[in-house]
Every structure is written in C-alpha cells, then in structure tokens.
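*Asks:* Sequence:
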Amino acid sequence: MSEIKVRETTFRSHASNLASASEGSYLPLKNGNMPYSRANSINELRSALIDLLDVVERFQTVTKKDSERLTQMGTAYATQDKSAGQKISQLEVR
Numbered sequence: 032m033s034e035i036k037v038r039e040t041t042f043r044s045h046a047s048n049l050a051s052a053s054e055g056s057y058l059p060l061k062n063g064n065m066p067y068s069r070a071n072s073i074n075e076l077r078s079a080l081i082d083l084l085d086v087v088e089r090f091q092t093v094t095k096k097d098s099e100r101l102t103q104m105g106t107a108y109a110t111q112d113k114s115a116g117q118k119i120s121q122l123e124v125r
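Heads up: the sequence shown begins at 32 in the working numbering, then just goes up one per residue.
Derived from the structure by calculation, the hints contain no laboratory data.
C-beta: ideal position from N, C-alpha, C; glycine also.
Check before you lean on any hint, since a few could be wrong.
Stated by the list, open to error - Computed Cβ-Cβ distance ranges for the label pairs, DEER-style:
1. R89 <-> D112: 28 to 36 Å
2. L122 <-> T102: 29 to 37 Å
3. T110 <-> D85: 33 to 41 Å
4. E88 <-> Q111: 33 to 41 Å
5. L76 <-> A107: 43 to 51 Å
6. I81 <-> E34: 55 to 63 Å
7. R89 <-> Q111: 30 to 38 Å
8. L80 <-> R100: 47 to 55 Å
9. I73 <-> K36: 42 to 50 Å
10. Q103 <-> D82: 51 to 59 Å
11. V86 <-> R38: 31 to 39 Å
Model the full structure from these sequences, guided by the hints.
*Replies:* As structure tokens, this is what we get:
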C-alpha cells in the first residue's frame, strides 16, 4: 500500500471548494469572471423583460376580446329578457 502525501493547506482548499460547491454558493468575483456574469445577467434580464412585455400584450388582446364578447352576451341577454318579459305580461290569468 502506498502513502499519499498531501499538504494540509491544499487539502483544506479542496475541502472548502467542495463545501461551497455542495452548498450551491455562487461567488461571481472569484477567478475574475464578474464582467462576463454581469453582462450575462443583464442580457438574461433584458430578454426576460421582453418576454414579459410580449405576454402582457397578448394578455391584453385576449382580455379585450373577452370583454367585447361579454358585452355582446350582455346585450343579447338583455334583449331576450325584455322579449320574454313582454310575452309573459301578455299572458292572461284564467
């Protein structure tokens, strides 16, 4: 059996890297990747906002169509109710 020689500082460094990786911590300033991550985050935010605006516009058109349909249904029910009321008032009680 062979012996593996590892410095304690190297071992602690690897252990801390594994611990931070298992916790899911994101360190953007580590290894100098902050400019890329900031640009990437801004691009993702921009695309998410554009997608949100598209969804809001689609929702607006759908609700506008629904409100028009509800208005038409309301007027149709009102005319039917009025004609039914006139027919009922014409009936005689025997």
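*Asks:* Decide, hint by hint, whether the structure agrees.
*Replies:* Each hint tested on the structure:
1. Range check, R89 to D112: Cβ separation about 34 Å, and the 28 to 36 Å hint holds.
2. A hinted range of 29 to 37 Å holds for the C-beta pair L122 and T102, which are about 31 Å apart.
3. Taking the beta carbon of each, T110 and D85 are about 38 Å apart, inside 33 to 41 Å as hinted.
4. In this structure, E88 and Q111 meet the distance hint of 33 to 41 Å, their C-beta atoms being roughly 35 Å apart.
5. In this structure the hint that L76 and A107 lie 43 to 51 Å apart at CB holds, the actual value being about 46 Å.
6. Hint check: I81 to E34, Cβ distance near 59 Å, so the stated range 55 to 63 Å holds.
7. Taken as a hint, the range 30 to 38 Å holds for the pair R89 and Q111, whose Cβ atoms sit roughly 33 Å apart.
8. Take L80 and R100: their Cβ atoms lie about 31 Å apart, and the range 47 to 55 Å is violated.
9. Between I73 and K36 the CB atoms are about 46 Å apart, so this pair conforms to the stated range of 42 to 50 Å.
10. Checked against the hint of 51 to 59 Å, the pair Q103 and D82 fails, with Cβ atoms roughly 32 Å apart.
11. Between V86 and R38 the Cβ separation comes to about 55 Å, which falls outside the hinted range of 31 to 39 Å.
Hint check: violations occur at hints 8, 10, 11; the rest are consistent with the structure.
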